[in-house]
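Listed below, chain by chain, are the residues.
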Amino acid sequence: MKMNDTLIQDSIKVAGKAITKVTEANDNTNWWMWLAIVELGVIAYLILKEKLKSKVTAKQQFKSESLKQDIDFNNIINSSFNSIKLYDELKVKCHPDRFPTDREKNIIAENLFQEISKNKTNVKRLLELKEEAIQKLNINF
Amino acid sequence: MFENTWNNIIDWFRDRSERAKLVRSFNDSAKNSFVGGIAPTLLKASISKGESSYKHQFSNWLNSGYRIQAFTGRVLTKNELIHIGTVILDDSVLVRRLIVLGFDTLEIHGDAGTYGCRWQLKDYIPLPKFNENE
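These protein sequence lines are chains A and B, in that order.
If you read the first sequence in the numbering used here, its first letter stands for residue 1, the second for the next number, and so on.
If you read the second sequence in the numbering used here, its first letter stands for residue 1, the second for the next number, and so on.
Because the hints were derived from the structure by calculation, they are not lab data.
Do not rely on the hints blindly, as some may be mistaken.
Which bits of chain B does chain A cover? Going by a derived footprint, with three or more residues having C-beta under 8 Å, they are [to be verified]: (1) 23 to 35; (2) 38 to 47; (3) 86 to 100.
Note that beta-carbon positions come from the ideal geometry of N, C-alpha and C, so glycine has one too.
Start from the sequences and build out the full structure, keeping to the hints where you can.
Set out below in structure tokens:
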């Protein structure tokens with residue numbers, strides 16, 4: 001009976017020691033487990049980030065291209081009030097019929113006249129064409 | 001899904017900022033031209049309600065009109081208002097910018113009363129058909 005009690009007590013001690021060892025061992029592996037979880041999280045995040053990266057659609061591309069271009073508001077305001085007068089002046093002075101004898105000038109005037117008609121609401125371009133007319137056709141404005 | 005929502009929010013704020021910038025740039029240029037004597041009338045751009053029947057694929061739900069109003073200075077005739085509209089519509093870069101920023105209506109108004117002209121912007125630029133499910 002006494003021997004049995006000793007055996008029980010010993011086995012309890014052994015079990016107690018074993019439990020302590022397991023707990024200690026668990027404490028050590030917990031760090032590695034957390035590290036692995038964090039690592040897995042980082043990898044999952046990187047993969048998902050790459051997958052969820054928004055694909056640029058044709059619509060978005062059209063939009064971003066449109067937003068890149070510069071707008072000359074000063075020219076727009078200027079053209080709103082001064083393009084008619086300049087256009088009227090240029091269309092008379094640069095008309096190809098004013099150069100009936102000179103074939104070369106007639107061709108230049110024809111090209112200029114076409115450009116003038118195309119840009120009749122753009123003062124900046126009309127001024128460039130006026131300069132071209134002065135140089136190429138020797139017109140006095 | 002979260003990513004899409006986030007991108008939509010960012011895009012919305014970016015568009016708001018670009019729309020405000022477009023109006024501000026126009027107003028600054030108009031003011032300088034008026035002060036410098038280039039323009040006889042002070043023009044002022046603002047965002048208006050717009051015309052719902054002019055909607056296109058980039059249109060905003062609300063406030064899709066770009067309104068230009070003649071303020072102080074000489075009173076503009078109807079032909080002059082039409083000419084201002086034509087100048088703006090002839091500038092393809094500006095029309096394109098207006099469209100992608102959600103505007104669908106261009107309005108030019110005089111300072112007296114409510115007379116003015118209105119244009120449908122999508123008529124002045126070929127808009128490609130985009131796949132909405134993309």
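Which of the listed hints are not met by the structure?
none
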